[in-house]
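J.: From first to last, the protein sequence lines are chains A and B. So in our numbering the end of the first sequence lands on 1788, straight run, no missing numbers. So in our numbering the end of the second sequence lands on 214, straight run, no missing numbers.
It is possible that some hints are incorrect.
Taking CB as the label site, the calculated pair distances span [claimed, not checked]:
{"#": "1", "chain 1": "A", "residue 1": "Ser1567", "chain 2": "B", "residue 2": "His100", "range": "51 to 59 Å"}
{"#": "2", "chain 1": "B", "residue 1": "Val47", "chain 2": "A", "residue 2": "Lys1448", "range": "22 to 30 Å"}
{"#": "3", "chain 1": "A", "residue 1": "Ser1468", "chain 2": "B", "residue 2": "Leu196", "range": "52 to 60 Å"}
{"#": "4", "chain 1": "A", "residue 1": "Gln1441", "chain 2": "B", "residue 2": "Val31", "range": "39 to 47 Å"}
{"#": "5", "chain 1": "B", "residue 1": "Trp68", "chain 2": "A", "residue 2": "Gln1441", "range": "55 to 63 Å"}
{"#": "6", "chain 1": "B", "residue 1": "Leu1", "chain 2": "A", "residue 2": "Asp1545", "range": "22 to 30 Å"}
{"#": "7", "chain 1": "B", "residue 1": "Phe71", "chain 2": "A", "residue 2": "Ser1468", "range": "32 to 40 Å"}
{"#": "8", "chain 1": "B", "residue 1": "Lys30", "chain 2": "A", "residue 2": "Ala1489", "range": "31 to 39 Å"}
{"#": "9", "chain 1": "B", "residue 1": "Ser119", "chain 2": "A", "residue 2": "Asp1547", "range": "23 to 31 Å"}
{"#": "10", "chain 1": "A", "residue 1": "Arg1556", "chain 2": "B", "residue 2": "His100", "range": "32 to 40 Å"}
Examples of chain A residues lying across from chain B (beta carbon under 10 Å, computed) [to be verified]:
{"#": "11", "residue": "Ile1434"}
{"#": "12", "residue": "Gly1438"}
{"#": "13", "residue": "Gly1452"}
{"#": "14", "residue": "Pro1453"}
{"#": "15", "residue": "Pro1457"}
{"#": "16", "residue": "Phe1513"}
{"#": "17", "residue": "Phe1521"}
{"#": "18", "residue": "Pro1522"}
{"#": "19", "residue": "Leu1537"}
{"#": "20", "residue": "Lys1539"}
{"#": "21", "residue": "Arg1578"}
Derived from the structure by calculation, the hints contain no laboratory data. Note that CB positions come from ideal geometry on N, CA and C, so glycine has one too.
One letter stands for each residue in the lines below.
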Amino acid sequence: MKQSIQMQGNLQLELGHFKLDTGPFDFPLQGITVLFGRSGSGKSTLLRAIAGLDKRTNGALQVGGAVWQVGKSHVKTASRDIGFVFQDAALFPHMTVRENLLYGLKRLPKSVTPMDFDSLVDKVGIRDKLDRAVTYLSGGERQRVAIARALLMRPKLLCMDEPLSALDWQAKAEMLTLLENLIADYGIPVLYITHVPAEVERLADRVVFMSKGRIESVESLQEALNRVDSPLFDEQGAVSVIQAKMLSPEHGLTPVQLGQDTLWLSGPALSDKSAVRVRVLAKDVSLALSDPQALSIINHLEVTIVELIPQGSHRLLVRLRLRDGQNLFCEVTQHSADRLALKPGLVVFALIKSVAVTN
Amino acid sequence: MLELFGTEVNLAPIWLTLEVATMTTLILLVVGTPLAWWMAQMRSSNKVLLEALVALPLVLPPTVLGFYLLIVFNPTGPVTEFLRWFGFEGQLTFSKTGLVIGSVFYSLPFAVQPLMHAFEAIPHRLLDAAATLRASFLDRFRTIVLPLSRRGILIAATLTFAHTVGEFGVVLMVGGNIPGETRMVSIDIFDHVESMEYTQAHLLSGMMLVFSLAVLMLVYGMNRRFGVKVG
């Protein structure tokens, strides 16, 4: 179902003191590709250049075999077959929700079959808002309209510039679920900007790291998270994201399965999907040489130590391999490592204090 | 001629004034809109010079502007010669055409400034969004910029019209005071006062007062009813 197109190029754009100079890039667009970097790293500028929204763009860009930019000459935004969702939705304030949705449809060439209006409107949950003025919508509702407006055009690529940043946490959680469902249903490749690691861990298939106007690297989510110095790690330290299968709840807990192991999540299932990503902070993982039975922590996993990475100030990051091959980070003190004689190849038990489904 | 309260009033200056003001307003809306858009989009430091140039008629004594226009409109000068190439006959000075051109310059800031401010207030993302929804530039201008600038356009039209109706200095310098041809109502009133015909001056002034008030009320009433509901 997921469509894949290749994006390659090398783009430059100078805006006053800021200079975007990506360097050559070439990566597939499939599922969600996140543009990640600090504010001021050039994520938005790059996305605007890709969408053709800035005439000063220079360089080369080719998407899915179509040339969009050669030097200064470029294909107009209107002919690029993209959908764009802006940070603040950018709905037209002088139109109703329905008029906003129809704006693009009216301009769609006959050769493109639009998405089914009714089913999309139902899917994003704005059926009862269709004849409202957009000024009376909440932040979450605005973004839903913006997403529907872009998707109706059946774009080949959907660009989203921090679409959740203006929302409260509850609207954010709902939108994340909606986004995942839409992408699963329609399979349109997405370029998604965020500076929030949790959103990357939840959504990304691939991460484009940006810094000072350059594309530093393009990595799969797992590659990005397996790096000890991953830019995705914030003040909470290293994070592991584990792919798991959700099982039906027992004893008020939700079990998720990874290979032959089971992790228990507290509380009821938050997602109706079977495949989930769970997030474990390295500092929430402890190690034991034998499997301790008499312990309030219920998540014990047999793991193999892969490497020990000194972190300074007498702390170590331990890379562990789960029995199904996935990566798990654990943070211990140098003292504990010495006491337990931790070394690569040793089979130990990881005790996980807290696990969360990413959202 | 109209007889009002037993006094004969010559309506020709009033009609001429309304005609010149209407034409000036239409021309300025057509010419001022692209100029204002261009200025609103400008990022370079040239914008300062352009803004100053547009605002010049606000501070320049009307007689100074009128004087320069008179020089430029010289019947044997380059501007008139240039217009003759396009079949223009007659002259620019002391004619209705000259009056309209002079008024266009004189009222330029009253059209361009409100338009420019209206354009500047439109978030650029809306135009970007429209572009991603396959709208061309003119399409975006027509469907996003103009509807969202309704208030600014209305204000520009009203101010331009009212300002042209009330002008005196430029009109006198460029148009002269030829009865039935270039005598506008403000000059007519001045003439009546000069020759102590206070009754005529009263009637004309009163008519202008009522007319101006009526136009403004109509415009603000429309503004209120069709006002764009934005933030």
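J.: Please go over all the hints and tell whether each is borne out by the structure.
T.: Here is what the structure says about each hint:
1. Between Ser1567/A and His100/B, the C-beta spacing of about 30 Å breaks the proposed range 51 to 59 Å.
2. For the pair Val47/B and Lys1448/A, the beta carbons lie near 47 Å from each other, so the given range of 22 to 30 Å is not met.
3. Range check, Ser1468/A to Leu196/B: Cβ separation about 53 Å, and the 52 to 60 Å hint holds.
4. At roughly 29 Å, the beta-carbon separation of Gln1441/A and Val31/B lies outside the given 39 to 47 Å, and the hint is violated.
5. The beta-carbon spacing between Trp68/B and Gln1441/A, approximately 46 Å, falls outside the hinted interval of 55 to 63 Å.
6. One distance hint, 22 to 30 Å for the beta-carbon pair Leu1/B and Asp1545/A, is violated here, with the actual separation near 56 Å.
7. Taking the beta carbon of each, Phe71/B and Ser1468/A are about 59 Å apart, not inside 32 to 40 Å as hinted.
8. Between Lys30/B and Ala1489/A, the C-beta spacing of about 32 Å keeps the proposed range 31 to 39 Å intact.
9. Checked against the hint of 23 to 31 Å, the pair Ser119/B and Asp1547/A passes, with Cβ atoms roughly 29 Å apart.
10. Separation of Arg1556/A from His100/B is about 39 Å and conforms to the stated range, judged on CB atoms against 32 to 40 Å.
11. The closest approach between the C-beta of Ile1434/A and any C-beta of chain B is roughly 17 Å, which is over the 10 Å cut-off, so the hint fails.
12. Checking Gly1438/A against chain B by beta carbon gives a least distance of about 19 Å; that is not within 10 Å, so the hint is violated.
13. Hint on Gly1452/A is violated. Least Cβ distance to chain B is approximately 25 Å, over the 10 Å limit.
14. Residue-level restraint check for Pro1453/A is violated (minimum Cβ-Cβ distance to chain B is 26 Å; threshold 10 Å).
15. A cut of 10 Å between beta carbons decides the hint on Pro1457/A: the least distance to chain B is about 22 Å, and the hint is violated.
16. Satisfaction of the interface hint for Phe1513/A is found here, the shortest Cβ-Cβ separation to chain B being roughly 4 Å, below the 10 Å cut-off.
17. Evaluation of the Phe1521/A hint against chain B yields a held restraint, the C-beta minimum of about 6 Å falling below 10 Å.
18. Satisfaction of the interface hint for Pro1522/A is found here, the shortest Cβ-Cβ separation to chain B being roughly 5 Å, below the 10 Å cut-off.
19. Satisfaction of the interface hint for Leu1537/A is found here, the shortest Cβ-Cβ separation to chain B being roughly 7 Å, below the 10 Å cut-off.
20. Hint status for Lys1539/A relative to chain B: violated, with the closest Cβ pair at about 13 Å, above 10 Å.
21. Nearest Cβ of chain B to the Cβ of Arg1578/A: about 7 Å, under the 10 Å cut. The hint holds.
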